[in-house]
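Those sequence lines, one after another, are chains A and B.
Counting from 1, one number per residue, gives the positions in the first sequence under our numbering.
Counting from 1, one number per residue, gives the positions in the second sequence under our numbering.
No wet-lab data here; the hints were simulated from the structure.
Keep in mind it's a predicted model, so treat the numbers as computed, not measured.
You may find that some hints are simply not true.
Claimed, not checked - Chain A side only, calculated, beta carbon under 8 angstroms to chain B, not exhaustive:
(1) H143
(2) V150
(3) L223
(4) H224
(5) Q226
(6) V228
(7) V234
(8) R238
(9) A243
(10) A249
(11) D266
(12) R288
(13) T289
Ideal Cβ placement from N, Cα and C applies to all residues, glycine included.
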Amino acid sequence: MGILGAGPVTQAIHLPSLARLRDILEVRHIMDVDPAVAESVAARVGARFSTSVEELLADPAVEIVAICSPHQFHAVQVIAACRAGKKAVLCEKPFAMNGEEAAAIAAISAETGVPIVVGAMHTFDPGWLAAESAWGGLPDQVHTIRSSIVLPPNPRFEDFATEIVGRTPPPAAATAGANAAASGAAADAAEKAKLTGGVIGLAIHDLPLVRRFAPDFRAVEVLHAQTVLPFGYVISLRAGSVAIELRAAMNGTWEPSWTFEAIGDDASLSIDFTPSYVHAGSATARIRTAASTTVLGPFGHNGYEGEWRKLAELARGTGTAPHPETLIHDLEFALAIADAAAACVDAGAAYEEARA
Amino acid sequence: MTTPLLVQSGPDAEQAGAVGAVVASLPVSFAPAGSQPDVVALAGTAGWTASATEAVRAGARGVVVVDPVAEDPAALAAVAADAGTAVVLDQAWAGNPALAESAGAARNAIADALADAVLLDSVAWGAPGIDTEVLLTRHLAAVLACGVELTGLRVIQRNANGYTVIGSLPGGAPAALQGITTSSVPATATVSVLTSSGRADITLPDASAGWPAEVRSVTSAGAATFPTLYESAHRHSWRRLRTAVDSGVPAADLERFAALTALVGQLHDEPAPPH
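Make a model of the complete structure from these sequences and hints.
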């Protein structure tokens, strides 16, 4: 294993996950642009460190590359890892910033035969996978989907998972009331940035699950989008005949709650996910009808560990990689929602002006 | 010794409000009537205010209206006040005893959460085929009964499978109400108030049995679940009626219902929301 980017996600999510999988995966190289962070994090796992992507990719000891760098570097680094002849690549979400980048990644994966996994951890959660095996014809009847995420700020869980080095303090402007102090175009721009960030940074975890039940994902239409203080969103959308409601609040609570629901006329699925970072087992899924409730899970590991297990299989040539088209469609879906949610800010301003 | 009030109920009210079973569970307070009822139970279908007014004019001492649809109750309220007749609305979720004035600790926890709310997220579940207007009226009644003030409500989407209504709380935090139809989940309503450091959750059950409501509060100090009451909204409504008849103090149901009707009316008047 080699990891590009050694920030809090690598430190608090991936290394603790990999520490549970030492029999199948070994971290051999850590790269970060901050040499002190790279050295410190590498030392934890007895790996080499560097500050150069090229150096890591040239390291023959690295067979699998994980890309955990800032979003804007994902596409170019995925492509470079494929060209370097690695056995498999994990890219944190989003794996590209636009459709063109996504298509380029799919093309290089096809050309080189290097399998790519996007870190959509809930799609690798054993609770989700068990539900997928058990839900039968549910997707054909689902008319409503809900994703609700209530979480404390990340550091609460990071600090239960590891001891972070090199943490960047949150920007002061991202606090409650900051929008209120701004006005006009500045406030609208801040609102748009928060909505886009909410979709690409948080909702994106569940959007591949949403898409599983929304076959007309290209027909997505955002009907309402609004931020929640201090960080979160209320987004109502429609994809064909399926109503989709996204809710999130990252407040100061100690009690996380992360649920996904898909509801049809006579059956429904409800999944309670465990919080990220801490290894608290898998999600618990419930498939309900009027006559029964089938409970699946919880199982002993979460989706992060699940995605690493998948990656190890792929590197050994024993697993089936996600279809690149699926990854592209997931990305297109997320980007379309993010763009349309941001556009709602302009539409809302015009609406309020008309009402006034 | 208490003299039972004699109850008359039509088939619609019986079906919607399980009147026979509820009256049987309050045998000291009520008994089935022969020809001259003290209390009349009515189904709250369209035209219920006129039917209730008739019952008041016919000399009923009390009227119970089961699951009323949105309708202006002003004329009925005036007639009932003149006659000294108690009118109680038996609402599926809003009538749950967990939200009663007497459930002070739970109400205080909800009020505390509302004062610090960052988001209200509420879902009402109904059976497939239900008129979503009826579901929305029940839903709004439940949210108001939790002590929530809503402004600027707009219907974002609505079809046979449900609806989404967006509004604001007094402090400006968003309020999202969603109705969903399915037979896979009982006809419950949930109201979740997320705060800066915790939440309050109210789950209001189907009134057809004595399933208890759940009221839970999370603050930085921990979580609290409030005492469980195994009484349906139907039975609680009938107990309220008996109290109102005995005390001569009218219930405030019609006054509250006028506010609900006004809110439902605003949703009809509101222009299409921006997309």
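Cross-check of the supplied hints:
1. H143: Cβ of H143(A) sits 4 angstroms from chain B, so the hint holds.
2. V150: 6 angstroms, holds
3. L223: 5 angstroms, holds
4. H224: 5 angstroms, holds
5. Q226: Nearest chain B Cβ about 5 angstroms off; hint holds.
6. V228: 5 angstroms, holds
7. V234: 5 angstroms, holds
8. R238: R238(A) check passes; min Cβ-Cβ to chain B is 6 angstroms, inside 8 angstroms.
9. A243: At about 6 angstroms, which falls below the 8 angstroms cut-off, the nearest Cβ of chain B leaves the hint on A243(A) intact, so it holds.
10. A249: 5 angstroms, holds
11. D266: Holds - the Cβ of D266(A) comes within 8 angstroms of chain B, reaching about 5 angstroms at its closest.
12. R288: 4 angstroms, holds
13. T289: Nearest chain B Cβ about 5 angstroms off; hint holds.
Hint violations for this structure: none, all hints satisfied.
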